[in-house]
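In the order they appear, the protein sequences are chains A and B. Each residue of the first sequence is one higher than the one before, starting from 1 at the first, in this note's numbering. Each residue of the second sequence is one higher than the one before, starting from 276 at the first, in this note's numbering.
If you are wondering where the hints come from, they were derived from the structure by calculation, not from laboratory data. Mixed in with the good hints there might be a few duds.
[Unchecked claim] Covered stretches of chain A, going by a simulated chain B footprint (3 or more residues, C-beta under 8 Å):
id, segment
1, 93-100
2, 110-116
[Said to hold, decoys possible] Reference listing, derived: stretches of chain B covered by chain A, where coverage requires no fewer than 3 residues with Cβ under 8 Å from a Cβ of chain A:
id, segment
3, 298-311
4, 470-482
Glycine included, each C-beta is placed from N, C-alpha and C at the ideal position.
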Amino acid sequence: MRPTPAAAVSLRGAALSYGERVLWQGLDLDVAPGEFLAVLGPNGSGKTSFVRALLGQRPLSDGTLTVLGRPPRRGSRDIGYVPQQGTLSTHATLRARDLVRLGIDGHRFGPRPRTGAVRRRVDEILISVGAAAYADVPVGLLSGGERQRVRIGQALATDPRILLCDEPLLSLDLHHQRAVTELVDARRRSHGTAVVFVTHEINPVLGLVDRVLYLARGGFRVGAPDEVLTSEALSRLYGTQVDVIRVRDRVTVVGVPDEAAQSPHHPELPHGARP
Amino acid sequence: MTIADGIWQQIFNFDHYGELLALVRNSLVAGAALGLVGGLVGVFVLMRDLPFAVHGISEMSFAGASAALLLGVNIVGGSIVGSLIAAGAIGLLGARARDRNSVIGVVMPFGLGLGVLFLALYKGRAANKFGILTGQIVAVDTPQMSWLLGTSAVVLVALAAMWRPLAFASADPEVAEARGVPVRALSFAFMLVLGLAVALSVQVVGALLVLTLVVTPAAAAARVTASPVLLPALSVLFAVVSIEGGILLALGGSIPISPYVTTISFTIYVVCRWVGRHRIRRWGAARATA
Numbered sequence: 001m002r003p004t005p006a007a008a009v010s011l012r013g014a015a016l017s018y019g020e021r022v023l024w025q026g027l028d029l030d031v032a033p034g035e036f037l038a039v040l041g042p043n044g045s046g047k048t049s050f051v052r053a054l055l056g057q058r059p060l061s062d063g064t065l066t067v068l069g070r071p072p073r074r075g076s077r078d079i080g081y082v083p084q085q086g087t088l089s090t091h092a093t094l095r096a097r098d099l100v101r102l103g104i105d106g107h108r109f110g111p112r113p114r115t116g117a118v119r120r121r122v123d124e125i126l127i128s129v130g131a132a133a134y135a136d137v138p139v140g141l142l143s144g145g146e147r148q149r150v151r152i153g154q155a156l157a158t159d160p161r162i163l164l165c166d167e168p169l170l171s172l173d174l175h176h177q178r179a180v181t182e183l184v185d186a187r188r189r190s191h192g193t194a195v196v197f198v199t200h201e202i203n204p205v206l207g208l209v210d211r212v213l214y215l216a217r218g219g220f221r222v223g224a225p226d227e228v229l230t231s232e233a234l235s236r237l238y239g240t241q242v243d244v245i246r247v248r249d250r251v252t253v254v255g256v257p258d259e260a261a262q263s264p265h266h267p268e269l270p271h272g273a274r275p
Numbered sequence: 276m277t278i279a280d281g282i283w284q285q286i287f288n289f290d291h292y293g294e295l296l297a298l299v300r301n302s303l304v305a306g307a308a309l310g311l312v313g314g315l316v317g318v319f320v321l322m323r324d325l326p327f328a329v330h331g332i333s334e335m336s337f338a339g340a341s342a343a344l345l346l347g348v349n350i351v352g353g354s355i356v357g358s359l360i361a362a363g364a365i366g367l368l369g370a371r372a373r374d375r376n377s378v379i380g381v382v383m384p385f386g387l388g389l390g391v392l393f394l395a396l397y398k399g400r401a402a403n404k405f406g407i408l409t410g411q412i413v414a415v416d417t418p419q420m421s422w423l424l425g426t427s428a429v430v431l432v433a434l435a436a437m438w439r440p441l442a443f444a445s446a447d448p449e450v451a452e453a454r455g456v457p458v459r460a461l462s463f464a465f466m467l468v469l470g471l472a473v474a475l476s477v478q479v480v481g482a483l484l485v486l487t488l489v490v491t492p493a494a495a496a497a498r499v500t501a502s503p504v505l506l507p508a509l510s511v512l513f514a515v516v517s518i519e520g521g522i523l524l525a526l527g528g529s530i531p532i533s534p535y536v537t538t539i540s541f542t543i544y545v546v547c548r549w550v551g552r553h554r555i556r557r558w559g560a561a562r563a564t565a
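Whole structure, please, built from the sequences with the hints as guidance.
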């Protein structure tokens, strides 16, 4: 099977392992432009490694991965990256607008040319994500939700075709979770940006996602939320009885076995917080 | 004359001020260069949380300078070599923040011990020994001047070249890496630049008080602004005012320049804290009404 040329992200027989430990393997997946894909799974199931692979920071151990038809490469302007809340240095002496600007030209060496065009672009972006009111506030004084809004602005600064979000809702309250997911959703609808949204908490994005990639125990399931988030599908994935309970529009997964070996590269996620 | 008057005379004495001023022209030029370097480097020291590294590097710089004094070679050169060794070691071994402090804690006393050893072996003028620890810029001669200015130029060019990606990598390492910024290489490069800047500052305020030039001005500026243009500009201004003010006040007295520099620098910081205390409340109010 060849990679689909029109896909934003395309994986064929993809596998990732650390030494003996297989995170996932045999993964075939195409993410279409404008598609909203949620990546779920317990801690240590390889969600962050998936992100790193897309960013070109980690090679696959097997199979192929193409991003917009090409092998992934570091620093691509076609991928906007929104990291977890809290990855910003607590010592950062920057304003919201400076953070967005770094997303445009922060990677360039040499003195910064004086361009009004870049400044106007920053203003546009801040307005589009609803962060104009605190454009000149130091990022250290922003709330977590405000900071993630600015983060999304920063990620969209290069007008990317793929938006890659790694746990962007972590430690946000419900109101801000909704605001952030709605911003992401609006972008993919208006610009056809493919969204890959890694999260351990499905409920804030449940009504918006097209498909779910659920990683666990070296395996995976891909499909619409209704197909993947079922007791039967997850029980097979985990190899033990797991119950998916739906209460109104919320989903709770009960009986997920504790991973004996916690992943060393992902210790910061709260243990036990599961979809 | 009472004892208090005597002490005052030692600290502030402006007799024959015009003649003395001509003698320190070199020092004032060197001071301006060091203020520029210290003020700019300080911005990143703050952003990268490196004040402790500055202190560690300055102790190794002290060891290098005292070795140079003992061997009778160029003291600025010796202090640069010591600095670069320490900065390189911290950069290589302490790439991750949680390892860094312990590496510094290990390097620092070793450097200080070496320095004490070399000074104990040195049989020359006692004032030379004291100068390395507490500052000696008033005695800057022409060969030293060219070293100081040359090294300052290297630091300034390096900073100008890597300013933006370094700011990105310092404030926002994850996204910077995703955008292709060579985060680790920049981290190491900055340690070397910091090493040079520390070696320069050791010449002015001495190994013990380098923080007053490399951290205090930037910390003061950060209390009043977060603008990427205004912050470095204020930091440089504060550093230059501290050094030049220190040199001018120290001129007539008989004590080293460092207490003048540190006092001015500290005063500026206190004032900036006071001025900046409304900032948080102001932003809060601005957003509540927005």
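Okay, the hints, checked on the actual structure:
Counting residues of the segment 93-100 of chain A whose beta carbon lies closer than 8 Å to any beta carbon of chain B gives 5, which reaches the threshold of three, so the coverage claim holds. Taking a C-beta to C-beta cut-off of 8 Å, the segment 110-116 of chain A contributes 3 residues in contact with chain B, enough for the three needed, and the coverage statement holds. Against chain A, the segment 298-311 of chain B contributes 0 residues with a C-beta closer than 8 Å to a partner C-beta. That does not satisfy the three-residue criterion, and the hint is violated. With a threshold of 8 Å between beta carbons, the proposed coverage of the segment 470-482 of chain B by chain A is violated, since 0 of its residues qualify and at least three are required.
The earlier numbered hints that this structure contradicts are 3 and 4.
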